[in-house]
Amino acid sequence: MKIILRVFRFDPSVDEAPYYRNYSVQAEPYERVLDCLNRIKWEQDGTLAYRMSCAHGVCGSDAMKINGRCALACQKLVRDCEADLILVEPLPSFTVLKDLIVDLNPFFDKVNFVHPFLYAGTPPEKERLQSPEERKKMGESIRCILCACCTAACPVVNENENFLGPAPLVQAFRRIFDSRDTQKIERLDQLDVEDGVWACLNHYECTRVCPKEIPVTKYINTIKREIKKILGPSPE
Amino acid sequence: MELQFDALVVGSGLAGLRAALEIPEGLKVGLVSKVFPTRSHSGAAQGGIGAALSNEEPDSWEWHMYDTVKGGDYLTDQDAAETLAMDAARAVYELEHMGVPFNRTAEGKIAQRAFGGHTRNYGEGPVKRSCYAADRTGRVVLDTLFGKALEKKIHIFSEVYMIDLIIEKGHAAGIVTYDLATGAVEIVRARAVLIATGGFGRVYKTNSNCFSNTGDGVYLCFRNGTPLEDMEFVQFHPTGIYPLGVLVSEAARGEGGILKNGLGYRFMPDYAPTLKDLAPRDVVSRAIDTEIRQGRGVNGRDYVHLDLTGLGADKIEEKLSDISSFARIYLGVDSATEPIPVTPTCHYMMGGIPTDLNGRVLDKHGKPIIGLYAAGEAACVSVHGANRLGTNSLLDLVVFGRRAGISIAHDEKNLHLSDISRDIVNELTSKINAIKRSKGPKPASLRARIRQIMTDCCSVFRNNDDMEKGLEQILSIKEQYRSVSIDNKADKFNTDLLDAIELESLLGLAEVILVSAIARTESRGAHYREDYPQRDDHNWLKHTMVTAGSDGLEISFKPVKITKFEPKARTF
Ligand SMILES: Cc1cc2nc3c(=O)[nH]c(=O)nc-3n(C[C@H](O)[C@H](O)[C@H](O)COP(=O)(O)OP(=O)(O)OC[C@H]3O[C@@H](n4cnc5c(N)ncnc54)[C@H](O)[C@@H]3O)c2cc1C
Ligand code: SF4
Ligand code: SF4
Ligand code: FES
Numbered sequence: 001m002k003i004i005l006r007v008f009r010f011d012p013s014v015d016e017a018p019y020y021r022n023y024s025v026q027a028e029p030y031e032r033v034l035d036c037l038n039r040i041k042w043e044q045d046g047t048l049a050y051r052m053s054c055a056h057g058v059c060g061s062d063a064m065k066i067n068g069r070c071a072l073a074c075q076k077l078v079r080d081c082e083a084d085l086i087l088v089e090p091l092p093s094f095t096v097l098k099d100l101i102v103d104l105n106p107f108f109d110k111v112n113f114v115h116p117f118l119y120a121g122t123p124p125e126k127e128r129l130q131s132p133e134e135r136k137k138m139g140e141s142i143r144c145i146l147c148a149c150c151t152a153a154c155p156v157v158n159e160n161e162n163f164l165g166p167a168p169l170v171q172a173f174r175r176i177f178d179s180r181d182t183q184k185i186e187r188l189d190q191l192d193v194e195d196g197v198w199a200c201l202n203h204y205e206c207t208r209v210c211p212k213e214i215p216v217t218k219y220i221n222t223i224k225r226e227i228k229k230i231l232g233p234s235p236e
Numbered sequence: 237m238e239l240q241f242d243a244l245v246v247g248s249g250l251a252g253l254r255a256a257l258e259i260p261e262g263l264k265v266g267l268v269s270k271v272f273p274t275r276s277h278s279g280a281a282q283g284g285i286g287a288a289l290s291n292e293e294p295d296s297w298e299w300h301m302y303d304t305v306k307g308g309d310y311l312t313d314q315d316a317a318e319t320l321a322m323d324a325a326r327a328v329y330e331l332e333h334m335g336v337p338f339n340r341t342a343e344g345k346i347a348q349r350a351f352g353g354h355t356r357n358y359g360e361g362p363v364k365r366s367c368y369a370a371d372r373t374g375r376v377v378l379d380t381l382f383g384k385a386l387e388k389k390i391h392i393f394s395e396v397y398m399i400d401l402i403i404e405k406g407h408a409a410g411i412v413t414y415d416l417a418t419g420a421v422e423i424v425r426a427r428a429v430l431i432a433t434g435g436f437g438r439v440y441k442t443n444s445n446c447f448s449n450t451g452d453g454v455y456l457c458f459r460n461g462t463p464l465e466d467m468e469f470v471q472f473h474p475t476g477i478y479p480l481g482v483l484v485s486e487a488a489r490g491e492g493g494i495l496k497n498g499l500g501y502r503f504m505p506d507y508a509p510t511l512k513d514l515a516p517r518d519v520v521s522r523a524i525d526t527e528i529r530q531g532r533g534v535n536g537r538d539y540v541h542l543d544l545t546g547l548g549a550d551k552i553e554e555k556l557s558d559i560s561s562f563a564r565i566y567l568g569v570d571s572a573t574e575p576i577p578v579t580p581t582c583h584y585m586m587g588g589i590p591t592d593l594n595g596r597v598l599d600k601h602g603k604p605i606i607g608l609y610a611a612g613e614a615a616c617v618s619v620h621g622a623n624r625l626g627t628n629s630l631l632d633l634v635v636f637g638r639r640a641g642i643s644i645a646h647d648e649k650n651l652h653l654s655d656i657s658r659d660i661v662n663e664l665t666s667k668i669n670a671i672k673r674s675k676g677p678k679p680a681s682l683r684a685r686i687r688q689i690m691t692d693c694c695s696v697f698r699n700n701d702d703m704e705k706g707l708e709q710i711l712s713i714k715e716q717y718r719s720v721s722i723d724n725k726a727d728k729f730n731t732d733l734l735d736a737i738e739l740e741s742l743l744g745l746a747e748v749i750l751v752s753a754i755a756r757t758e759s760r761g762a763h764y765r766e767d768y769p770q771r772d773d774h775n776w777l778k779h780t781m782v783t784a785g786s787d788g789l790e791i792s793f794k795p796v797k798i799t800k801f802e803p804k805a806r807t808f
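These protein sequences, in sequence, are chains A and B.
Residue 153 in my numbering sits at position 153 of the first sequence, and the numbers go up by one each step.
Residue 757 in my numbering sits at position 521 of the second sequence, and the numbers go up by one each step.
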C-alpha cells in the first residue's frame, strides 16, 4: 500500500523554523514505521536524520512521536497507524539537534543522578542469595531500555524541567527494591523532594507510552508509599 | 584538539565495558562508541550466560569445556575453551556481585536452564547451565556494567565513530574518529587500543543483528595489515522470526519449545536423536533448511514452526516475555496458543581478529602487535571454533574482555605514545569530501546487493561455483563503491555519510568471508560445503588466516591447539 509520512524537519544551524515534509512510501501493513523512515532515507532523501539500531525494540534508540504519541519507530507497525498518513515528530520536551534527533544528555544526567548501580558490601565467594519473591519485587523495571518515551510524554516534565521524570524513577525503583542493595534509605531520601517523586501527578502518560510495558506510574506510587512507610510523612 | 589516553577502548558492548572496568585507576581510559553504550548490541542478548554452577543439577567445567570443543567441531583452541569454562563460574558470580538481577532458584541461587549443545557427562543429555534474567540477560548485564562504568567515571564518547586505526611500525598508535554531532575528524592517540566493536551479521540479508553491527573494527584491523581468522564460520541461528530475522532465543527450546515442519511433524529427533531440538545451532539450522528444501516448509514456504504452546502462558510470561511480545507485535501471533514461523537468521561471527588468550592481537606470524588488543565478537581467540554454543558469547565477552583489560594494565609500562601525522586527517577528510561530491551509486543500493549475494551464495549451504560467482559480483561492487555518493552534504548528524563509510567495512568483510569459505574444501561446524560434505581432519584441522597483501588477499593457516579432547566424529 502507499502511505504518506509527514516528517518533522529542522536543522537549527540552517533553518529559521521547523517545517514538515511529506514523503510517499510503498509499505506493507506488517512493516515498521522504522522501515518506512529507512526507505525514505535510503531511496528518497538522505538528509533525514534519526537514530536507530536494533530495529526490534530492545536498544531504545528510535523513540519519537508517531501520530502524536511517543513510541519506538521499530515497534510501531504500519497497520497499527490507522490512517494512511503517519505524522512523525521528535520526542517532545527535549531540544531538537536535527530532525528527529534530540539532545538526550539532560535525560541521561537525571538517570545518572539516581546512581543506577548496586551498592553492596563485600560479596560472598559465590552468589548472594536472593529468593525468587525478593527478585520479583524489582518486577518489570529490569525491562527498561532508557528510550525516554515516558519522560518525553510526561506532562509534568513538560512544564517543570527540574522534575526528575519517570525513567530515572524506574531506575531508582529497580535498586530500591533490590534486596541486595544497601542504600535503600539514602535512595528514598534522595527522591523525597518536591522535584523528586512528589512532582508526579499520576497522569499515567508514562505508563501508556512505555514500549516495554513497564507499569511506570504504579512503581512511582510504590516508591511514594515506601517513603511514607520508611521515612515517615513528608514535610509538606 | 587532539585527545590522548593511556588506554582507548573502542566499543561499549559488554566486551569493551568489561575491559575498561579492569583497567586500574591512575591510567586514563577513554571509551569510544558509535552508539550510546546501553544501545550496544550486547543488550539484545536474550537467553543467558553459560557456567557450570551446578545450581539446578550436577555439572562440571570439564563438561562445559568438552561441549565447547565438540560444539565448535574441534576447531576450537582447547586452551581457550579451558580458560573459558574454568573461569565461567567466577565470571558469573562477579556479574551477580555487580548487580545483575538473575532469576533465582527456590533456594535463592542463580537459576539455570538448558541450552543447545550444553550437556552433562560428555554428551549424555542436556544440562541446565545457562544463567539467565528472563529473556533479557544481555540487557541487564549491559545496564549493570554501564552502571559500573558510571560509578568509575570512565570518559565515554558516544556517537563517535572510529574511521581509522593507526598502526605505526608494528605499534598501535591510536585511532581517527568522526563525531556524528559535528562531523569533526580527529586523531585520538593512545598507548593501548582495544577493539571491541562487535560482529557484522549485517553482511547478510536476514539477520538478528542491529544496524550498527557492520564490523568496522574488524575491517579496520584488516585494512591496516592484521590477519583475520576463521572468517568462513558464520553462525546462522535456527530460529529467526519469519520474515524479519528477529531472534527467538534457544531458551525457548531450552524451556521446552519444539520445531515442527509443514506436516506438523517434529523433525529434530531424526537429525539429532539425543539432543533433538537442543542440538548445536549449525545442526538445527541445516535440519530446518533441509526440511524447507525438501518441500516440507509450512505451506510449502521457506519457514518452519517453533511451537511453544506446550509451555503454558504462565511460563512464557515469566521466562520468555520479550520473545512472546516480539511474536505478538510483529506477527500478531500469540505464542501460548499458536506456533511461531521461524527460519535460520545470520546471528554471529565465529571469526575475527586473532588474539592470544590475553586479548593481544596477533600478526600473521603469530606475534603480538604492540599496544593492540581485541575482545568480544570482533575477536577470534578462538574459543568458538567452527560453531559457537549459545550462552558462550556473553561468557566470552566478560572472561576475555576482562583478560584484555588485565593485559593492558600489565603491559602498560612498556607502551608509549607515538606521534601521528595530521596527514591522515587530511586524507580521510578528502575521502569524505569525495563521497559528498560524487555522483555514483547510493550506499543503500550497493548494500542491498551485497547482502543478497552473501545470502544466496554463502549461507547455511555453500558450494564452490556459487561462491566464486558471488565473489566476482562482490569485487565488481567494490569497483562501483569507489564512486559511492550520498544526498547529505552536511556536517551535523550525517548518517548518510556513515552508511557509506560502513559499507566499505561490509564489502571488505564479505570478500574475506568468501575467500575463506572458498578455500576450505571440507564441511565443519557452520561451514557446510555441498561439494565437500565431510569433515577432513587430515587436511583441514587448522585455522584459516586471511591478510591483505600487496597483490590481493593472502591465505595462510594456523594449527589448532588440541589438549584434552582428540577430534571424534560429531553426533548428537
Ligand atoms: C538477538 C541476539 C541475542 C543473543 N543472545 C545471546 C545469548 O543469550 N547469550 C550469548 O552468549 N550470546 C548471545 N548473543 C551474542 C552476543 O550478544 C554478541 O555476540 C555480543 O553481545 C557481542 O558483544 P560485543 O561486546 O563484542 O559487541 P557489541 O555489544 O555488539 O558492541 C559493539 C560496540 O562497538 C561499537 N562500535 C562498533 N563499531 C564502531 C565504530 N566504528 N566506532 C566506534 N564504536 C563502534 C558499538 O557502538 C558498540 O558499542 C546474541 C546476539 C543477538 C544478536
Ligand atoms: S504518572 Fe507521573 S511521571 Fe508518569 S506521566 Fe504522570 S506525572 Fe509524569
Ligand atoms: S520506563 Fe519505559 S518508556 Fe521509560 S525509558 Fe524505560 S523503557 Fe522507555
Ligand atoms: S531501533 Fe532499537 S529500540 Fe528501536
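Everything labelled a hint here was simulated from the structure, so no lab data went into it.
Just so it is clear, the structure is predicted and the values come from calculations on it, not from any experiment.
Hints are supplied without guarantee of correctness; some may be wrong.
Listed below are the simulated DSS-like cross-link pairs for lysine-lysine, each with C-alpha atoms no more than 27 Å apart in a straight line [stated by the list, open to error]:
#  : chain 1 : residue 1 : chain 2 : residue 2
1  : A       : K110      : B       : K555
2  : A       : K184      : B       : K794
3  : A       : K2        : B       : K441
4  : A       : K126      : B       : K555
5  : B       : K345      : A       : K136
6  : A       : K136      : B       : K384
7  : A       : K184      : B       : K345
8  : B       : K678      : B       : K728
9  : B       : K649      : B       : K675
10 : A       : K110      : A       : K2
Identify every previously stated hint that the structure contradicts and give their numbers, smallest first. 1, 2, 9 and 10
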